[in-house]
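*Asks:* The primary structure of each chain is shown beneath.
Protein chains: 2
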Amino acid sequence: MAGKLYAIGTGPGASDLITVRAARLLETLDVLYAPAGKKGGDSLALSIVREYLGEQVVIEERHFPMTADAGEKQAVWDQVAADIEQDVQAGKQVGFVTLGDSMLFSTWVFLLARLQGKVLADGSPLDMEMIPGISSYSCIASAAQFPLAMEQQSMAVMSCTAEPDVLSAALQNHECVVLMKVYGRFNQIRSLLAELGLLKHAVLMANASMATEITYRDLASVDEQAKLPYFSTIVVNRAWNA
Amino acid sequence: MAGKLYAIGTGPGASDLITVRAARLLETLDVLYAPAGKKGGDSLALSIVREYLGEQVVIEERHFPMTADAGEKQAVWDQVAADIEQDVQAGKQVGFVTLGDSMLFSTWVFLLARLQGKVLADGSPLDMEMIPGISSYSCIASAAQFPLAMEQQSMAVMSCTAEPDVLSAALQNHECVVLMKVYGRFNQIRSLLAELGLLKHAVLMANASMATEITYRDLASVDEQAKLPYFSTIVVNRAWNA
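Protein chains in written order, with full-length UniProt numbering: chain A, 1 to 242; chain B, 1 to 242.
Since the hints were derived computationally from the structure, they do not count as laboratory data. Hints may contain errors.
The list treats identical chains as one, so a pair stands whether inside a single copy or across any two.
[As the list claims (entries may be wrong)] No more than 16 Å apart at the CA atoms, straight line, and that leaves these computed lysine to aspartate or glutamate pairs for EDC-like: (1) Lys4 / Asp30; (2) Lys92 / Asp30; (3) Lys92 / Glu72; (4) Lys181 / Glu151; (5) Lys73 / Glu151; (6) Lys92 / Glu27; (7) Lys227 / Asp16; (8) Lys200 / Glu163; (9) Lys73 / Asp165; (10) Lys227 / Glu213; (11) Lys73 / Asp122; (12) Lys200 / Glu27; (13) Lys4 / Asp165; (14) Lys92 / Asp42; (15) Lys118 / Asp83.
None of the values given here were measured: they were computed from a predicted structure.
Let's have the full structure, built from the sequences with the hints guiding it.
*Replies:* Here you go:
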């Protein structure tokens, strides 16, 4: 049997929010690559899929540094891509798990850039397949019963690391705006939403679908000093009240 | 047992792209509401979930007219909302299926607007839960191995029914733009992409994840007279070559 690589989106956190296709596939894998957790614990992506794994699977955790040093990051991606290629070359069914969807704001894309079009030592192309996952904002909309966009409307998915004028333009140009990576930037974002009269049309959710999920429908009431969890996202919908 | 309503996103088309949560739930439903198919056939949403349904389920197909007559549409939504409310009131586990994700460009939101905050005859609130689904563009990105956005980038999800200057602005302001509802507007959209130098950064996919899936990586080669399938979507990523 020829080796193959599968990139699998785990969805936002709950194990039963992965797709049926991913659940079935996970049972058959020989090797699963997962981003390493902090402090020696399971990675979040790994903990989401653990219940579906077959007994034969070998787990390969890899640490992806959150550093600004581009050279250091690239060396890690090069190494993980080489390791995966070697496993596929050896005829293994190899998985790589990422939170949410693997094609949106995901480390997977750096590996895809290295492995797409790759030819193995025997001259055959490296076979790979991606299995989509539920994005956090889709889960947040459902859990908060707060719609994203409908009919002629549009949605923008932004990172809060963007410049304030870029975020402001998006909030004016689209009925729905998803603000990812709120962590550490909540006060500035809240001021911007207040300025644009959007506080009543915004919902903040942290750790969507996990046991620690928290929802704030009244952003004005969130304590300025409160440390929001790392996975905090704001969904704004001008056409709907929070 | 108290009645409850579940809105279930079926994902883009393949039965195994629904979530494990949705699959488990579908087995237990008493009633399933589905948009009616054309010409007496199964609705697409219904055909996606049929294999998961329990034997006890009663299927209620409802025709949602694609008319410009707002009054006619509203009368249908009012009636379906009333029918669902009656079933929940009677203690039933009621499902409503929609293609893709139920919170994005979905008929479900019109029902949500009617049922949110509803109080039943016995004074209890109408209990409801939404189960997210994979959006078509997420499936397209995976199937075409063509990423959406990463790091500081942003993504806009637009309907091609928007004005050309609105689409043009989105294509200039976001690295990734998803163009939904291409059907009948392909030539204008292709001209716009050509004008902005984006033809090489666009992928068109119709019927993603279905047996009839078609992918075009060279939009210039698509026959102008060709009638694209109804479910045709273009994904543009300025930072990636198609």
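*Asks:* Each of the hints needs a verdict: does it hold here or not?
*Replies:* Here's how the hints hold up against the structure:
1. Only within a single protomer do Lys4 and Asp30 lie at most 16 Å apart by alpha-carbon distance; the minimum there is 10 Å, versus 41 Å between protomers.
2. When the C-alpha separation of Lys92 and Asp30 is checked against a cutoff of 16 Å, the pair qualifies only within one copy, where the shortest distance is 6 Å, while the shortest distance between copies is 43 Å.
3. Proximity of Lys92 and Glu72 under a CA criterion of 16 Å is satisfied in neither setting, with 28 Å inside one chain copy and 57 Å between copies.
4. In this homomeric assembly, Lys181 and Glu151 come within 16 Å of each other (Cα to Cα) only across copies, at 10 Å, whereas the closest approach inside a single copy is 27 Å.
5. Proximity of Lys73 and Glu151 under a CA criterion of 16 Å is satisfied inter-copy only: 13 Å between copies versus 41 Å inside one chain copy.
6. Within a single copy, Lys92 and Glu27 get their C-alpha atoms as close as 14 Å, which meets the 16 Å cut-off; across copies the closest is 34 Å, which misses it.
7. Taking identical chains as interchangeable, the C-alpha atoms of Lys227 and Asp16 are never at most 16 Å apart, the minima being 28 Å within one chain and 39 Å between chains.
8. In this assembly of identical chains, the alpha carbons of Lys200 and Glu163 never lie at most 16 Å apart, being 23 Å within a copy and 28 Å across copies at closest.
9. When the C-alpha separation of Lys73 and Asp165 is checked against a cutoff of 16 Å, the pair qualifies neither within a copy, at 29 Å, nor between copies, at 39 Å.
10. In the homo-oligomer, the alpha carbons of Lys227 and Glu213 lie at most 16 Å apart inside one protomer (14 Å), although the nearest pairing across protomers, at 46 Å, exceeds that limit.
11. Taking CA atoms no more than 16 Å apart as the test, Lys73 paired with Asp122 passes in neither setting, with 29 Å inside one copy and 60 Å between copies.
12. Taking CA atoms no more than 16 Å apart as the test, Lys200 paired with Glu27 passes in neither setting, with 45 Å inside one copy and 38 Å between copies.
13. Proximity of Lys4 and Asp165 under a CA criterion of 16 Å is satisfied in neither setting, with 44 Å inside one chain copy and 44 Å between copies.
14. Taking the shortest alpha-carbon separations for Lys92 and Asp42, neither the intra-copy value of 23 Å nor the inter-copy value of 40 Å comes in at or below 16 Å.
15. In this assembly of identical chains, Lys118 and Asp83 lie within 16 Å of each other by CA distance solely inside one copy; the values are 13 Å within and 55 Å between copies.
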